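Undergrad: So you can see what is in the structure, the chains are spelled out below.
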Amino acid sequence: MIQIKDLHKSYKMGKNSLHVLKGINFNVEEGELVAIMGSSGSGKSTLLNILGMLDELDEGSYTLDGVPIKNLNETKAAQYRNKFLGFVFQSFNLINYKSAAENVALPLYYQKVPRKERQEKALKYLAQVGLKEWANHLPSELSGGQKQRVAIARAMAAEPKVLLADEPTGALDSTTSYEVMDLIQKINDQGNTILIVTHEPDIADMCKRIVHLKDGVIIEDKKIEQVRAAKYV
Amino acid sequence: MGFLFDRNTWQEIFGSISKNRTRTIITVIGVLWGIFIYIALSGAAKGLDNGFDKVFKTVAINSMFVWAQSTSMPYDGFKTGRPLQLKLEDVKTIQNRIPEVQYIAPRITQGQFGSEPVYTVRGQKYGSYVLNGDYPIYTKISTKKIYDGGRFINQEDIDQARKVIVIGERVEQELYNKDENPVGTWIRVGSVYFQVIGVHKLAQGVSFDSDSAMFIPFTTYQKLYNSGDNIGYMCIAAYDDVDVVQVEKDIKTLLRNIHRVDPKDERAFGSFNLGEAFSKTMGFADGLTFMSLVVGIATILAGVIGIGNILLISVKERTKELGVRRALGATPAEVRNQIVMESVFLTVIAGILGIILGAGVLALINSLTKDIDFPYTNPTVPIPYVIGALVIMVVLGTLIGLIPAQRAVSIRPIEALREE
Numbered sequence: 001m002i003q004i005k006d007l008h009k010s011y012k013m014g015k016n017s018l019h020v021l022k023g024i025n026f027n028v029e030e031g032e033l034v035a036i037m038g039s040s041g042s043g044k045s046t047l048l049n050i051l052g053m054l055d056e057l058d059e060g061s062y063t064l065d066g067v068p069i070k071n072l073n074e075t076k077a078a079q080y081r082n083k084f085l086g087f088v089f090q091s092f093n094l095i096n097y098k099s100a101a102e103n104v105a106l107p108l109y110y111q112k113v114p115r116k117e118r119q120e121k122a123l124k125y126l127a128q129v130g131l132k133e134w135a136n137h138l139p140s141e142l143s144g145g146q147k148q149r150v151a152i153a154r155a156m157a158a159e160p161k162v163l164l165a166d167e168p169t170g171a172l173d174s175t176t177s178y179e180v181m182d183l184i185q186k187i188n189d190q191g192n193t194i195l196i197v198t199h200e201p202d203i204a205d206m207c208k209r210i211v212h213l214k215d216g217v218i219i220e221d222k223k224i225e226q227v228r229a230a231k232y233v
Numbered sequence: 001m002g003f004l005f006d007r008n009t010w011q012e013i014f015g016s017i018s019k020n021r022t023r024t025i026i027t028v029i030g031v032l033w034g035i036f037i038y039i040a041l042s043g044a045a046k047g048l049d050n051g052f053d054k055v056f057k058t059v060a061i062n063s064m065f066v067w068a069q070s071t072s073m074p075y076d077g078f079k080t081g082r083p084l085q086l087k088l089e090d091v092k093t094i095q096n097r098i099p100e101v102q103y104i105a106p107r108i109t110q111g112q113f114g115s116e117p118v119y120t121v122r123g124q125k126y127g128s129y130v131l132n133g134d135y136p137i138y139t140k141i142s143t144k145k146i147y148d149g150g151r152f153i154n155q156e157d158i159d160q161a162r163k164v165i166v167i168g169e170r171v172e173q174e175l176y177n178k179d180e181n182p183v184g185t186w187i188r189v190g191s192v193y194f195q196v197i198g199v200h201k202l203a204q205g206v207s208f209d210s211d212s213a214m215f216i217p218f219t220t221y222q223k224l225y226n227s228g229d230n231i232g233y234m235c236i237a238a239y240d241d242v243d244v245v246q247v248e249k250d251i252k253t254l255l256r257n258i259h260r261v262d263p264k265d266e267r268a269f270g271s272f273n274l275g276e277a278f279s280k281t282m283g284f285a286d287g288l289t290f291m292s293l294v295v296g297i298a299t300i301l302a303g304v305i306g307i308g309n310i311l312l313i314s315v316k317e318r319t320k321e322l323g324v325r326r327a328l329g330a331t332p333a334e335v336r337n338q339i340v341m342e343s344v345f346l347t348v349i350a351g352i353l354g355i356i357l358g359a360g361v362l363a364l365i366n367s368l369t370k371d372i373d374f375p376y377t378n379p380t381v382p383i384p385y386v387i388g389a390l391v392i393m394v395v396l397g398t399l400i401g402l403i404p405a406q407r408a409v410s411i412r413p414i415e416a417l418r419e420e
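As you go down the protein sequences, you meet chains A and B in turn.
Per UniProt numbering, the first sequence starts with residue 1, numbered consecutively.
Per UniProt numbering, the second sequence starts with residue 1, numbered consecutively.
Isolated chain A, as found in the complex:
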């Protein structure tokens, strides 16, 4: 699903250049649930941003579902993001003046899905995350865990190839974190490819594979026995 070869990325800060990713080689198969771990500054968010086409790579190659991702202009990147990727952010990033259902329907709007179908799909995905009754509530009326579940529903609504989650449980307490992880595991069980950036070992343990980043290189890449979050819920 994802092939990354010899990926380099550096940021220019004035005269200094900060070499963040120093040659990453990394493949993800369909249906994997991968945790990208590392302390802050290890480059894990940068990697995710590049995967999410929110940032450009300097060197190396990135292929997503057989499509080489390079030299994209903003319009093309936006279309690819819309078609291939679903995003879940640490701070949820729901649009605060739109109801839960409208938030979920937003990527479908950019896919030019007709309105009626959009609403139906939004409700369907909200039901999957168990928030059907909250469809008409604004984000401000939802709890943190609920917000993140809406965000996951939104990411799933576009039926992406890969779901990218940047610290999805970072802003949540542990019980809520496990609820969210339970949901992510269930989505993964349906065959969806998911990448999670996290620095919490318990969250990483709930994935099927852990990629450990340190100072811009992968120091460890191992398959693990998945801990089911349902146990803690």
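Just so you know, not all the hints are guaranteed correct.
As the list claims (entries may be wrong) - Examples of chain A residues lying across from chain B (beta carbon under 8 Å, computed):
1) Leu106
2) Tyr110
3) Gln111
Unchecked claim - Coverage of chain B stretches by chain A, computed from C-beta distances (three or more under 8 Å per stretch; other residues unrestricted):
4) 226-238
5) 332-343
Source of the hints: derived by calculation from the structure; they are not laboratory data.
The model shown is predicted, which means the values in this text are computed figures rather than measured ones.
No residue lacks a Cβ here, since even glycine has one placed at the ideal position from N, Cα and C.
Use these hints to put chain B onto chain A, whose structure you have.
TA: Structure of chain B alone, referenced to chain A:
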């Protein structure tokens, strides 16, 4: 441009502008005020314009008076200071020689310009009034409103030198009781009895004659005062499309020629050019219209800039939202369109509200000024001006909207999302 007709586009726009009501309302008020000022000002200017039009309607716009004075230069053997006298033949000569003249009415007058007013008696009542000897053509130059049942002097009066008289409103008030009808009665003017054939109403606005003037046929006046072919002054109306100042010059040149006056003697003949005075007044009204246009458009501009400003701030506020939208697959063009459409939509809504408000205020002004004696009539704004203003607003709204839109697009989604 298909997105313009897409219901979804509008839903997104509505969503984001109804989100922040205060912001939207303040923004709208900015433009609303601009277009309101524009409409109210240009409407008011138009009202004044119409008012002047109405005032001048009672007289031919391109009209003038010409009278004789005395020479101020010696010429052709005559010494300086020779008094001049206009004659009836001069009228014919002018009519024949100057094709721009539409109507020319000679008039002889007693009681004006230093001569004694005419002592007029009816029974126990009396007064002294101006007496004019006139031709019927005079009404072509200065409209005379005659009260019910009366008439002005006609050609038969002239031909037969009838002893008939048209009296002014004040003459009527002073010589008659309130419930009396003067038409058909007799009054004594000087030593001769005249039958009253009409009472002229003082025209609203510009009038050549006071309400104490009386009019008799020119021929009757000639007999009464033995004035021969002498005339007091000429009232001349030129055609509407000619340069009235030039006509005035031509007439005076011709008169100098006829009366053997030095061609350079500007003081031999006096004149008053109403057309020139009128065009000055209309020039003032035009200037006012132009100024109101400039002020109005400047105010609209200020309002639209206000919209741009507020959208710019709102784009800053919404950086994250726009970043999320782009992460979810909004293309830069879609984001740009949305911001521009928000700007245009707000501008147009504000514009329409402003036009309605402005029209309401103009209607109010109209009803308030209806009965007052002030040259102000029917304040309206021509439709092309309104449409022009709307077009200007849409164009400006688009241009101004492009600034925040470009800003929104220039922020890369990753930077937008990073902003906490």
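Undergrad: Against each hint, give a clear statement of whether it holds in the structure.
TA: Against the structure, the hints come out as follows:
1. Leu106: Cβ of Leu106 of chain A sits 6 Å from chain B, so the hint holds.
2. Tyr110: holds (4 Å)
3. Gln111: holds (7 Å)
4. 226-238: n = 0 at 8 Å, threshold three: violated.
5. 332-343: It holds: at least three residues are needed, and the region 332-343 of chain B offers 3 whose Cβ sits within less than 8 Å of chain A.
Checked against the numbered hints above, the structure violates only hint 4.
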